[in-house]
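> Top to bottom, those sequences are chains R and Y. Residue numbers 1 to 639, in full-length UniProt numbering, belong to the letters of the first sequence in order. Residue numbers 1 to 125, in full-length UniProt numbering, belong to the letters of the second sequence in order.
Honestly, I wouldn't trust all of these hints.
What the hints assert, rightly or not - Short derived list, chain R residues pointing at chain Y, Cβ under 8 Å:
hint, residue
1, G184
2, N425
3, R451
4, H524
5, E528
6, T532
7, S542
To be verified - Once the Cα atoms are required to be at most 20 Å apart in a straight line, the calculated DMTMM-like pairs of lysine to aspartate or glutamate come out as:
hint, chain 1, residue 1, chain 2, residue 2
8, Y, K52, R, D153
9, R, K454, Y, D3
10, Y, K52, R, E183
11, R, K621, Y, D51
12, R, K454, Y, D51
13, R, K105, R, E162
14, R, K466, Y, D20
15, R, K146, R, E183
16, R, K146, Y, D51
To be verified - Chain Y is nowhere near these chain R residues, computed Cβ spacing over 12 Å in every case:
hint, residue
17, R216
18, N423
19, H427
20, H455
21, E614
Hints are computed from structural coordinates only; laboratory data are not their basis. Here a beta-carbon is modelled for each residue, glycine too, at the ideal position from N, C-alpha and C.
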Amino acid sequence: MTAGALKRSSDNFSHHRGGAKRRNVRTDRDGDLVMDGPKRDRVGKTTGPGRARGGGINTAALQREVLKHVASDSSQGGPIRAAKSRPTPQGHLVELKVTGWTNSKASTQDDRGVSSLIGFLERHASKRGSLFTQKGRNPAHTTRIKKSKVEGDVLFIYVPTEEVSAYAKVDGFVFAGKNIKIEGASIRAKSSPNRQTSPEPANDVKELFQDFLSSRYNLETKVLDLSALGTDAKLNSVGMFNTTSTQSKFFPALMKICDAQFKTAQEKKETIQSVALAGNELSNITAVTTLAQTFPDLQNLDLSGNKFDSLNCLIGWKNKFRYLEHLVLSNNPLEQLQPGWETEILQWYPRLRLLNGVQVRTEEEVAERNKPKKAPLPILGPNFQDEAQIAETFITSFFAGFDTDRSALVNMYYDTDSNFSLNVNTHAMRDPIQQMGHKTQGWDAYIRLSRNLKHLNNPGPRAARKFQGPDEIRKVWTQLPATRHPNLITDQQKWSIDCQHQPGVPDPSGQCPTGVGGFLITVHGEYEELDTTNGKATKHRSFDRTFILGPGGPSGVKVVSDLWTVRAYGGYVAWKPEGLQQHPPQQETPKNLAEEISRITSMNIMYSRMCLAENGGDVQKALAAFEAAKANLPQDAFV
Amino acid sequence: MADFNTIAQQFVEFYYNTFDTSRQNLSALYREHSMLTFENAPVQGTVAISDKLLNLPFAQVKHKVDTLDAQPSSEDGGILVLVTGALLVEGSDRPMSYTQAFQLRPEAGSYYVFNDVFRLVYPAA
């Protein structure tokens with residue numbers, strides 16, 4: 001976007017806004033919104049306490065605050081974001097001090113009006129808990145004062161941390177004829193006499209943004225209308241677009257404040273289904289790109305009346321908005337300049353049904369396109385507790401990277417705290433058939449690096465064979481033979497991979513002394529050693545490798561520990577489900593129960609046994625689990 | 001406190017000795033949030049893990065550790081231990097290769113098993 005683009009008014013696409021602009025009076029406005037929902041008829045709920053704002057907005061402070069909101073990273077945001085991303089555990093209460101109520105009209109009551117006051121506070125705070133009030137849930141959520149006491153003229157109330165902001169908004173309200181004052185360590189003293197000389201920029205900006213958002217939100221249609229921002233009188237009146245820096249920070253800051261209104265992604269998804277960014281003179285999405293992070297589940301998006309001249313201007317949103325159903329791009333130069341753009345945009349959004357109001361996919365086509373695919377890594381054991389495919393993605397890229405570019409792999413996943421060590425099990429039994437061609441195992445390349453604590457007794461070598469940090473790990477990896485692991489998908493039977501959730505691994509930011517969540521992954525498999533001159537396999541090995549993953553690194557995941565055992569090739573029959581029953585230790589699943597499940601469900605014996613094992617051998621649980629999962633089972637699960 | 005290598009070594013020795021001689025005493029090494037994955041079957045908690053270990057379909061077993069390596073795994077003193085070896089079940093003369101990964105966690109000057117992932121990796125024969 002060019003400097004000033006948001007600021008310049010755009011006669012063609014500006015939206016008419018009716019209604020008075022009296023302070024603190026919200027008015028309905030007529031709209032000409034282009035989305036396919038019903039016409040708007042009212043604005044979102046007001047959030048402010050109805051308190052006159054003295055002194056207006058300090059523009060310099062505003063700029064500072066906008067910058068502060070944006071500069072801080074998402075997990076470490078300013079006051080607003082921080083409160084959301086690291087919620088205080090439930091049940092933690094904050095003390096607030098309520099004064100100014102003692103001579104109210106209610107003070108003649110037996111309890112000096114305290115119970116009326118508490119009811120008053122709860123009622124008003126409840127209405128102010130959420131910016132985007134959900135339809136049919138009024139008040140948005142009910143807050144209760146958990147505990148209270150009176151000391152002289154002061155009422156102390158105790159409320160959950162997350163509700164403090166709602167109570168803060170009641171500060172200055174008139175209770176039974178008296179202005180009450182609410183104070184607390186976490187509330188800025190809004191009604192303090194110093195306010196004129198020392199404005200509270202954070203509150204002002206937050207309130208400005210919240211008021212703006214609520215005036216642009218339509219509760220009925222669930223549309224957030226951010227059209228023609230540059231012509232918005234309120235934003236202009238505080239100089240939001242006067243400088244390039246506030247202008248470019250405006251949208252990300254707005255998104256952050258928007259995001260902070262929601263406790264869960266689900267709530268956000270249900271509350272805001274459509275966003276209009278029409279008529280903003282955008283020539284690319286740089287200024288508004290954060291929309292995709294804030295609203296990944298958006299259903300309708302209006303980008304009409306901007307200055308996009310090709311799809312390249314929108315490339316940052318390619319493959320974002322995975323649930324987008326309707327996109328409006330009319331009145332953009334690309335319609336003329338890029339023939340065939342419709343075909344390409346269809347590829348970007350798998351659930352797109354309407355483009356500029358025209359149907360481009362039927363419901364059936366969308367369903368067909370998005371039907372569940374077979375799991376990409378079917379080898380993963382039944383105890384594979386992944387989350388957002390983090391562990392799966394890691395495994396896929398790890399073994400490919402280890403075979404092709406170990407240096408890049410180190411950069412991707414290992415940092416100064418990462419440990420790597422390997423050991424050779426020279427006693428492991430060999431696969432008699434496979435090993436016939438290899439008379440000697442030839443462990444020379446590994447043995448002087450082998451860290452087998454059973455035989456390695458001196459502290460010196462023990463320490464020297466534990467490699468820590470990218471440099472040491474890279475160096476030792478370059479000394480090891482070139483490898484080729486089997487394909488994780490086409491040769492899945494050669495792998496056995498398990499994954500367990502792992503709380504309490506070191507937090508790279510050091511903020512959480514007890515550590516943060518990660519994964520423990522155990523991998524059993526095989527690989528070939530390669531002669532790098534001709535790419536031919538020289539040895540066939542089996543291995544066991546155990547990783548602990550934690551957050552960090554460029555991919556968001558780093559290796560905390562990497563332990564690798566190399567041994568003679570032993571095949572993969574041990575974890576072949578068919579092979580299990582041939583060995584005494586594997587007869588732990590009563591055969592007749594698995595057969596019973598097979599008979600009832602028509603699953604084959606292998607799946608029946610797995611199903612039984614996953615449900616602790618409980619037939620009823622196994623059958624219930626089958627009922628829940630049967631639609632997603634592959635064909636070959638059945639007899 | 002002893003270094004993690006020594007702790008890992010002592011633990012492994014103790015664990016398999018107990019396993020091979022008085023398996024019922026292993027439950028003292030686990031806690032309510034401990035997880036065991038024995039082959040394909042995941043179980044959690046002292047009682048479930050103890051049940052699982054006591055009901056394995058062999059009364060007598062002998063473990064032979066071939067390799068043992070360990071690394072620190074968390075800032076609060078966790079230790080990741082990887083063992084490979086062979087086990088010989090009663091009435092069988094053929095040892096089976098296995099690997100077992102443990103994660104040990106410190107607790108009041110001692111350690112308990114937080115994760116335990118066991119797999120047989122015997123070759124075809």
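> Now tell me, hint by hint, if it's right for this structure.
We went through each hint and held it up to the structure:
1. For G184 (chain R), the interface hint is violated, since its Cβ never comes within 8 Å of a Cβ in chain Y; the closest pair sits about 34 Å apart.
2. Below 8 Å, beta-carbon pairs count as interface contacts, and N425 (chain R) has one with chain Y at about 5 Å; its hint therefore holds.
3. Evaluation of the R451 (chain R) hint against chain Y yields a held restraint, the C-beta minimum of about 5 Å falling below 8 Å.
4. A cut of 8 Å between beta carbons decides the hint on H524 (chain R): the least distance to chain Y is about 6 Å, and the hint holds.
5. At a threshold of 8 Å, the smallest CB-CB gap from E528 (chain R) to chain Y is about 17 Å, leaving the interface hint violated.
6. This hint is violated: T532 (chain R) has a C-beta 27 Å from the nearest C-beta of chain Y, more than the 8 Å allowed.
7. The interface hint given for S542 (chain R) holds, since its Cβ lies 7 Å from the closest Cβ of chain Y, which is under the 8 Å cut-off.
8. Taken as a hint, the K52 (chain Y) and D153 (chain R) pair is broken in the structure, with Cα atoms around 64 Å apart against an allowance of 20 Å.
9. Between the alpha carbons of K454 (chain R) and D3 (chain Y) the distance comes to roughly 15 Å, so the proposed pair stays at or under 20 Å and holds.
10. The suggested pairing of K52 (chain Y) with E183 (chain R) is violated, with an alpha-carbon distance near 57 Å, which exceeds 20 Å.
11. Restraint check for K621 (chain R) and D51 (chain Y): the C-alpha separation of about 19 Å stays at or below 20 Å, so the hint holds.
12. Using a Cα cut-off of 20 Å, the hinted pair K454 (chain R) and D51 (chain Y) is violated, with the two alpha carbons roughly 30 Å apart.
13. At most 20 Å may separate the alpha-carbon atoms for a hinted pair to count; K105 (chain R) and E162 (chain R) exceed this at roughly 31 Å.
14. A C-alpha spacing of about 30 Å is found between K466 (chain R) and D20 (chain Y), which places the hinted pair above 20 Å, so the restraint is violated.
15. For a cut-off of 20 Å, the pair hint linking K146 (chain R) to E183 (chain R) stands: about 17 Å separates their Cα positions.
16. Of the supplied pair hints, the one linking K146 (chain R) and D51 (chain Y) is violated, its CA atoms being roughly 44 Å apart against a limit of 20 Å.
17. Even its closest Cβ contact with chain Y, about 46 Å, leaves R216 (chain R) beyond 12 Å, as expected for a residue assigned away from the interface.
18. Not every CB of chain Y is more than 12 Å from the CB of N423 (chain R) (nearest about 5 Å), against its label as outside the interface.
19. Interface exclusion of H427 (chain R) from chain Y breaks down, the closest Cβ pair being 4 Å apart, not more than 12 Å.
20. With a closest Cβ-Cβ approach of about 9 Å to chain Y, H455 (chain R) is found to fall inside the 12 Å limit, against its non-interface label.
21. Remark: the non-interface label on E614 (chain R) conflicts with the geometry, its nearest Cβ contact in chain Y lying 8 Å away (cut-off 12 Å).
Checked against the numbered hints given earlier, this structure breaks hints 1, 5, 6, 8, 10, 12, 13, 14, 16, 18, 19, 20 and 21; the rest are met.
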